[in-house]
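Asker: Okay, here's what each chain looks like letter by letter:
Number of protein chains: 6
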Amino acid sequence: MHIRIINPNTTAAFTRSLARDGAAVAAAGTFVDAVSPSSGTPSIESHVEEAIGALGVLEMIRDSVGVDGFVLACFGDTGLSAAREATGVPVVGMTEAAYFAAAMLAARFSVITLPPRTRIHAERVLRETGLAARCARVRAIDLPVLDMEADPAAALAALLAEARLALAEDDAEAIVLGCAGLTPLVGPMQDALGVPVIDGVTVAVKMAEGLVSLGLRTSKRGSFDTPPVKGLTGPFAGLFRGG
Amino acid sequence: MHIRIINPNTTAAFTRSLARDGAAVAAAGTFVDAVSPSSGTPSIESHVEEAIGALGVLEMIRDSVGVDGFVLACFGDTGLSAAREATGVPVVGMTEAAYFAAAMLAARFSVITLPPRTRIHAERVLRETGLAARCARVRAIDLPVLDMEADPAAALAALLAEARLALAEDDAEAIVLGCAGLTPLVGPMQDALGVPVIDGVTVAVKMAEGLVSLGLRTSKRGSFDTPPVKGLTGPFAGLFRGG
Amino acid sequence: MHIRIINPNTTAAFTRSLARDGAAVAAAGTFVDAVSPSSGTPSIESHVEEAIGALGVLEMIRDSVGVDGFVLACFGDTGLSAAREATGVPVVGMTEAAYFAAAMLAARFSVITLPPRTRIHAERVLRETGLAARCARVRAIDLPVLDMEADPAAALAALLAEARLALAEDDAEAIVLGCAGLTPLVGPMQDALGVPVIDGVTVAVKMAEGLVSLGLRTSKRGSFDTPPVKGLTGPFAGLFRGG
Amino acid sequence: MHIRIINPNTTAAFTRSLARDGAAVAAAGTFVDAVSPSSGTPSIESHVEEAIGALGVLEMIRDSVGVDGFVLACFGDTGLSAAREATGVPVVGMTEAAYFAAAMLAARFSVITLPPRTRIHAERVLRETGLAARCARVRAIDLPVLDMEADPAAALAALLAEARLALAEDDAEAIVLGCAGLTPLVGPMQDALGVPVIDGVTVAVKMAEGLVSLGLRTSKRGSFDTPPVKGLTGPFAGLFRGG
Amino acid sequence: MHIRIINPNTTAAFTRSLARDGAAVAAAGTFVDAVSPSSGTPSIESHVEEAIGALGVLEMIRDSVGVDGFVLACFGDTGLSAAREATGVPVVGMTEAAYFAAAMLAARFSVITLPPRTRIHAERVLRETGLAARCARVRAIDLPVLDMEADPAAALAALLAEARLALAEDDAEAIVLGCAGLTPLVGPMQDALGVPVIDGVTVAVKMAEGLVSLGLRTSKRGSFDTPPVKGLTGPFAGLFRGG
Amino acid sequence: MHIRIINPNTTAAFTRSLARDGAAVAAAGTFVDAVSPSSGTPSIESHVEEAIGALGVLEMIRDSVGVDGFVLACFGDTGLSAAREATGVPVVGMTEAAYFAAAMLAARFSVITLPPRTRIHAERVLRETGLAARCARVRAIDLPVLDMEADPAAALAALLAEARLALAEDDAEAIVLGCAGLTPLVGPMQDALGVPVIDGVTVAVKMAEGLVSLGLRTSKRGSFDTPPVKGLTGPFAGLFRGG
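Chains as they are written, first to last, in our numbering: chain A, 1 to 243; chain B, 1 to 243; chain C, 1 to 243; chain D, 1 to 243; chain E, 1 to 243; chain F, 1 to 243.
Each hint can be trusted.
Pairwise CB distance ranges (calculated): (1) E/Ala157 with C/Arg16: 51 to 61 Å; (2) B/Asp142 with C/Arg16: 49 to 59 Å; (3) E/Ala157 with C/Asp151: 41 to 51 Å; (4) E/Ala13 with C/Ala132: 39 to 49 Å; (5) E/Ala13 with D/Ala28: 24 to 34 Å; (6) D/Arg20 with C/Asp151: 52 to 62 Å; (7) E/Ala161 with D/Arg127: 29 to 39 Å; (8) C/Gly66 with B/Gly187: 18 to 28 Å; (9) E/Ala13 with F/Gly238: 23 to 33 Å.
From chain A, some residues computed to sit far from chain B (all C-beta separations above 10 Å): (10) Arg16; (11) Ala19; (12) Ser64; (13) Glu162; (14) Pro188; (15) Asp191; (16) Ala192.
These are computed hints drawn from the structure, not numbers from a lab.
By construction, the Cβ of each residue, glycine as well, lies at the ideal position given by its N, Cα and C atoms.
Can you make the complete structure from the sequences, with help from the hints?
Answerer: Below, the structure is given as structure tokens:
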């Protein structure tokens, strides 16, 4: 089985981390890799960048052959519905996966995202998944995504400090990490906090693997049916070739 | 005052209709025009095409100088949050505007969109605007957007037939038209049905005009603050130049 | 076009301010005036006074000839549904208009009403418009409505102080003013705060003007159909004369 | 203990029926009577008439001495919040009481109101009580309130026919009667249908009796605190004299 | 009329208190007693104990003859739906009854439960009754249920302190006591706080009495129909004998 | 890794099927078995039987040693919260797992449960998971659970007929099977219908396997913390021995 993680941003180091972290949790017989678009934005921290990233997701789905399931590795799940139209194999967003896992492990969780302006993306997926009432609070640390990649120790310290506030002030029973690329921090954070710490990327890999192993595919009846092919032009020509 | 209607698809005839219909409702002193992206998709009937259209919206905002307010003329309001980040002037989506107007004229309304697979877009905006409980039903006619443009008489007949079902089966008190480009059908439909028929494009023009005339602008605090400028690449290079 | 602002309370100075502030934002060709009932309550700060004010609204609609659209200028929109039954022209409540405008300018807003006991009215309209999730908090300053009219400088200081709390504690991105008569404070508040400050009266005037200019009218099918005329007695005799 | 039923309309025969039906269910030691306003509307079937009826409610509370609890006997609970401000004793609306009782007897109920335009009132109270999800459907029979009073046999037949539809089509497990004055139909309907049939007036009498017997009173902290007394004028002068 | 209070825990002193407090509020002609299961758990402070308590509820319903209505006296209403299947007479949960009463007396209330881990039970019933939006906050004091029984003065002090926080921080207008057995504290708390303090047990007794006196019974159509009798085994053999 | 499926009913043939179907989807290195309680009810089709089944779940958790994750195999997830208190390893309900999977594969799904009276259980979990808005309709076939086991061909025919109604009438894009033991019908149904057909048992096995492989455990902070051990008596003595 081949599960492909799509990193909608263009930062190659990020993509390599995702491939490594995804492969580390794959079952025997599952091949996990990660790809990122040829052009776009180095990180996704705004609605503008979400719009750009969504195109990257579609480009990568178009260019994937023989993949059995996709994981979208951007908190906010940009492009998820479009991706479900563009392919028949399961597509799992890291955000929805993280929320579903949190809901199976705790009655009440807090999210820690970054930077603060992206809280609105986390909240949008809470509404879409119906789990807003289970989320005590969407918190954020004031750190750009790429700085977090550059200095994991600082990221860990900032996340731990914010998570401690979530336990103390929100009565959170679990913590959802609101960004891709944080898998290596899960262990240290769980050890320090004593509550489940949920990384959506690895959870999504396991959920995609599960759906694929059961022979489940994205519904092609109704909302996610393959769209009709039309005269796309410019950089979008060829972006989508139909079923 | 300059209000610009953004048509996120590439069909020029559509853009010309929007300009004509928008200008027809402008107050004295308001100049209304309509633009569409240089490349993209000829109509928006899927999540894939919404993703493409959102980029077109950003391209057109980048290329607009001296505009006082924007109207997004695509049912589903693709790219609306990104547009609000990309500019400080008001941006009004035709879908939200149509729903808000319907809520001020009737206790309960039905939406008629096209083709059927786009109902999910209409429903998404109902949830986002909080007006889902006021919508009796999202209906659809089985007609591609471009066919509707090509044969307005057939579109009128199909919309009237569906609207009559909405009155009879849904107890609808008003009808929201779920597509741009239908402004000329409002009069005939209201005459035939005897209930308010709401076209989001013209309503959005008036709402944008109103916000601008009051000196109101998009909040730049928090969620829609101008995003940081980063190294965008490929077709996206230069798409967003910051505040 | 004639837009009439209905002030449901009996304070004439208030009515004069509304007429002046409404006329100042009207488009060329729009005549705006304001009326208030011959008897009733000098301000509306309770459910009891809302009940009294609703009768005043109906009295003024009965006595209006040749009006193209009404604005209800009382935060809480008392009598709005009854007004929609009593006339075929559009009726816009200042509260719903303020919330709809806020939702088009910011992802998240706070309301500042007065005095504190009226928060329940602001919350009722949030539920009715479906925008409760977009409101971070309904705040209040501890000042009677008529004192605010008497001492605008004190009102401005109190509102600014509370608005600063809304920005700091609620992450509000815009402020909705929860009382009629505050239009002159919008400019100073926006200058001081740097976020949109929304006055429902002027927004409602523009929305009513927009609906009228599009030929839209209140639906007379179903919930807001003209009620049957019955034997009203006492002070209510003649209050409603049917369609 | 003295429980007073307030009939907000002016039809004396209606008031006599309410007194009789209320007294019939009172516990030993509870005195139940019914009053109606000196002027107003003969029945309440619209928002306009609700506004008139609310004033009647306040008039009757002002004129009541030594009453231990009130019941509002109009489906839609017009004036309920104002009544709670105007008195310290418990005030129970027949609509909320009916819904709460239905929720304790069945998982899912349908409401049958009359005439059809009053469904919006029933739905408003469903939202306010939070029980919308428990209501399968708000149905209506096409009969004016006063005709129902005049011809109870026809009313029974129409209600039974509609209730049978509710059982067959809505999977309703109980029926809520959406109008005051229907108490005598409960027995025949329960016999014919085999499910609970709930009359809000008698339920509200028992709930008010229960609250009073426990020494519970309307909260005077916050939303329902006695409003300040101001210069009410015209027919409203003296309507409210404060605590 | 015979109303029976079911205490789902095995602490006999608790059961005696419930019988005493329930009888004290009964109308003339109503006999109130209280029962508890022969085996189970001495108090209910967890989901595990709720599961055990639900079986106790069924055992006591099976063993009751000639009872006209039941009250479940455990905050969280464990076993309520099963009880409604197992009997045709009304069953009122103390939690739902407390919330319904609070909603009739105040616009906004806080709950004080104990110990903190049981907040989730209080919240579950808020969702089920639809009254979550009316509850400002579910608070808890850190005291085991049995300690509260053992030292009422300490319980009173802790509850009063927490209630004062609810008034100051939550703007609560009424307090709901989140545990059975606290009836004697209602008077002192109301005197000290000046707002309604609601004890679900006594409210439920009065609501059950009301439903019974009106001839209302649990619906046997659909969700609460008597279940089919099957081969129950072990300690469950004979637990349920059908209608 | 050892995943144990808990069948809360006592029908051994059912348990054997669950073990077989669960083992068939396990990854290499995962051992799946299934257990059922020594006494209880042969099937769970009512709230009464849910209460009995919940005790069986606790008995089986108490008696399990060395298990890494549990799956509850009863539609309605009886005993799920209690199970999460009673163990530190992940516990996944088949109902929540089915809904989460459906939400990742389709925008809108229908549930088919059996017999009709169990729809209320399916709806309760829809509310708890927040996915009610994604479910078009909860349907049911009129067949007892044990008959379905006895005659799979008849069950398949009935489920297919109902699923075809779900596609035609509900616009369902996927079907959730509302009962354990239906795994063998998934393939034939998917072939016949052309949409995803979701069996919660196998989905839950994969989700539990995923959570365990990631080192995630049930939160022991707050709501699901191990309850204090008390003096349980009778058949419940020893049911729970604490952490």
